[in-house]
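Asker: Chain U is fixed; fit chains F and S onto it per the hints.
Protein chains in written order, with numbering that gives the first Met the number 0: chain U, 0 to 183; chain F, 0 to 121; chain S, 0 to 230.
In case anyone wonders, no lab produced these hints; they're calculated from the structure.
These figures come from a predicted structure and were not determined experimentally.
Note that beta-carbon positions come from the ideal geometry of N, C-alpha and C, so glycine has one too.
All the pointers check out, no bait thrown in.
Restraint ranges, calculated between C-beta atoms of paired labels, are given here: (1) F/60 <-> S/111: 35 to 41 Å; (2) U/179 <-> F/45: 43 to 49 Å; (3) S/220 <-> U/65: 39 to 45 Å; (4) U/179 <-> S/127: 48 to 54 Å; (5) F/75 <-> U/25: 49 to 55 Å; (6) U/134 <-> F/48: 34 to 40 Å; (7) F/60 <-> S/222: 53 to 59 Å.
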Amino acid sequence: MGIEEKLPSGVLLTTVEGLAGYARKNSLWPATFGLACCAIEMMASGAGRYDLARFGMEVFRASPRQADLMIVAGRVSQKMAPIVRQIYDQMAAPKWVLAMGACSSSGGMFNNYAIIQGVDHIVPVDIYLPGCPPRPEMLIDALLKLHDQISETKLGTNRKRQLEDLENAALIATPTIDQVGLMR
Amino acid sequence: MGQGAIYLPILFLGLLAFGFAAFSVVAATFTGPKRYNRAKVEAYECGIQPTPQPEGGGRFPVKYYLTAMLFIIFDIEIVFLYPWAVTCDKLGVFGLAEMVLFIVTVLAAYAFVWRRGGLEWD
Amino acid sequence: MNDDVVKAGLPLLQVTTVREGMFGASGSGDTSGFGGLVSVVPVPVASAQPFGNYFDEIYAELVAALPLFKSSAEKAFDKIVVAHDEMTIYVHPTELLAVARTLRDEPGLRFELCLGVSGVHYPNQTGAELHAVYHFRSITHNRRVRLEVVAADSHPHIPSIVSIYPTNDWHERETFDFFGIIFDGHPHLTRIQMPDDWQGHPQRKDYPLGGIPVEYKGATVPAPDERRSYN
Numbered sequence: 000m001g002i003e004e005k006l007p008s009g010v011l012l013t014t015v016e017g018l019a020g021y022a023r024k025n026s027l028w029p030a031t032f033g034l035a036c037c038a039i040e041m042m043a044s045g046a047g048r049y050d051l052a053r054f055g056m057e058v059f060r061a062s063p064r065q066a067d068l069m070i071v072a073g074r075v076s077q078k079m080a081p082i083v084r085q086i087y088d089q090m091a092a093p094k095w096v097l098a099m100g101a102c103s104s105s106g107g108m109f110n111n112y113a114i115i116q117g118v119d120h121i122v123p124v125d126i127y128l129p130g131c132p133p134r135p136e137m138l139i140d141a142l143l144k145l146h147d148q149i150s151e152t153k154l155g156t157n158r159k160r161q162l163e164d165l166e167n168a169a170l171i172a173t174p175t176i177d178q179v180g181l182m183r
Numbered sequence: 000m001g002q003g004a005i006y007l008p009i010l011f012l013g014l015l016a017f018g019f020a021a022f023s024v025v026a027a028t029f030t031g032p033k034r035y036n037r038a039k040v041e042a043y044e045c046g047i048q049p050t051p052q053p054e055g056g057g058r059f060p061v062k063y064y065l066t067a068m069l070f071i072i073f074d075i076e077i078v079f080l081y082p083w084a085v086t087c088d089k090l091g092v093f094g095l096a097e098m099v100l101f102i103v104t105v106l107a108a109y110a111f112v113w114r115r116g117g118l119e120w121d
Numbered sequence: 000m001n002d003d004v005v006k007a008g009l010p011l012l013q014v015t016t017v018r019e020g021m022f023g024a025s026g027s028g029d030t031s032g033f034g035g036l037v038s039v040v041p042v043p044v045a046s047a048q049p050f051g052n053y054f055d056e057i058y059a060e061l062v063a064a065l066p067l068f069k070s071s072a073e074k075a076f077d078k079i080v081v082a083h084d085e086m087t088i089y090v091h092p093t094e095l096l097a098v099a100r101t102l103r104d105e106p107g108l109r110f111e112l113c114l115g116v117s118g119v120h121y122p123n124q125t126g127a128e129l130h131a132v133y134h135f136r137s138i139t140h141n142r143r144v145r146l147e148v149v150a151a152d153s154h155p156h157i158p159s160i161v162s163i164y165p166t167n168d169w170h171e172r173e174t175f176d177f178f179g180i181i182f183d184g185h186p187h188l189t190r191i192q193m194p195d196d197w198q199g200h201p202q203r204k205d206y207p208l209g210g211i212p213v214e215y216k217g218a219t220v221p222a223p224d225e226r227r228s229y230n
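Pulled out of the complex, with its shape left as it was, chain U reads as follows (with noise of 0.2 Å):
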């Protein structure tokens, strides 16, 4: 049926939204996903002194079917990239992804044959982190920062429209390689 997706927008459905947002955002259930040292720092955020659970995030599941968010969070060789991708389809939406740090955001310092440079490049990501790697502080910043990306997610036809908006604005802002003038 996916009656999500077909909800007419309204007031109600803003209300619905909102709680919604409200209720995705304050669960949001990682997978483990830590592959090399920016999962000591992703260990550490989830002990005692950098607190996850405040968040509800404490649980990180180890079946990915069971997680929300997806925190790649180290570097993704050409070996491991197969399996990132399995575990990426094989998470329930609503999922997002989290590139923590810069192996996985961007390569890293690895710009050889052996690492992917940047883990979009197989599997789309709601939030990049840089660090090398990231404080914990840096990752509960992250996060919360996608907490508030999730907590504005609309639903049913205002879904549709924002994804149009989005869209739009992606394909008239300037590329990178044109931001000039920027150093001065």
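Answerer: For chains F and S alone, kept in the frame of chain U given last:
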């Protein structure tokens, strides 16, 4: 009937819980989107392609069945021994004789299994 | 460069290759200063007996135990190099299995641990490009020894010592993956770190780094092995 009425709220609570669970499942089937892909339908094996399993689930050695069956039989024998054990003094010699007869019957079956090699694992 | 580079305390070396500069731009395009780097790739020259320390005992035990060598002790191994308190025995590929078995089983040798195979690629030594280096450790006698086996690029086959030292399994797979040395007799010689259908052997000297240009705001920085070239 009057005494049973005390438990009526529990029945209602049970029906409410069951109803909530059923509503959640049914509502999810209706409201949720259907986005299937091949990976979601496959078994999860840490991201790699799942190892192909043999047709019909693969064959099991029959010794597992034999061990389970023997366990059931002797376990039920023990279950019959318990009530006799607690009222042994009231049942007297008659109870003892009956019990010995019962145990001897099962013992015959035990001897048969032993001689026929049913207790050998390999 | 001289044929022999003699420094105080170090053994005689024979120079085969002199590399000038790092990878990347050469000539006036280089601004890093690495262009002036001159690196000498030496090949160690054989040491003569007595070797010192416990190396003489190892040599004597090996020569005594191996039936092939009892008659011609001088030509037992291609070369023995003793440098920096370490002994390297250059073994011919055909003798490798016998030597490894002797190292493991002889009571006077008893090298129980094989710490793996590493590969080395010398592109300029035609006929002896691929070296496989084995490190052994004896716990009973507290000794170390290194075996080096040389194979040509045209025939990159070295016998596998997995039947003698089973833990060499994955090390040989890795050396095959990265250098292309084929270990005959290995039960399952497949790639271990690159994807199974990868072409090429990445750690050879002539394999490119494989980086891509990185896009920044308003500029592109080329891959590390192609930088600083102002064409």
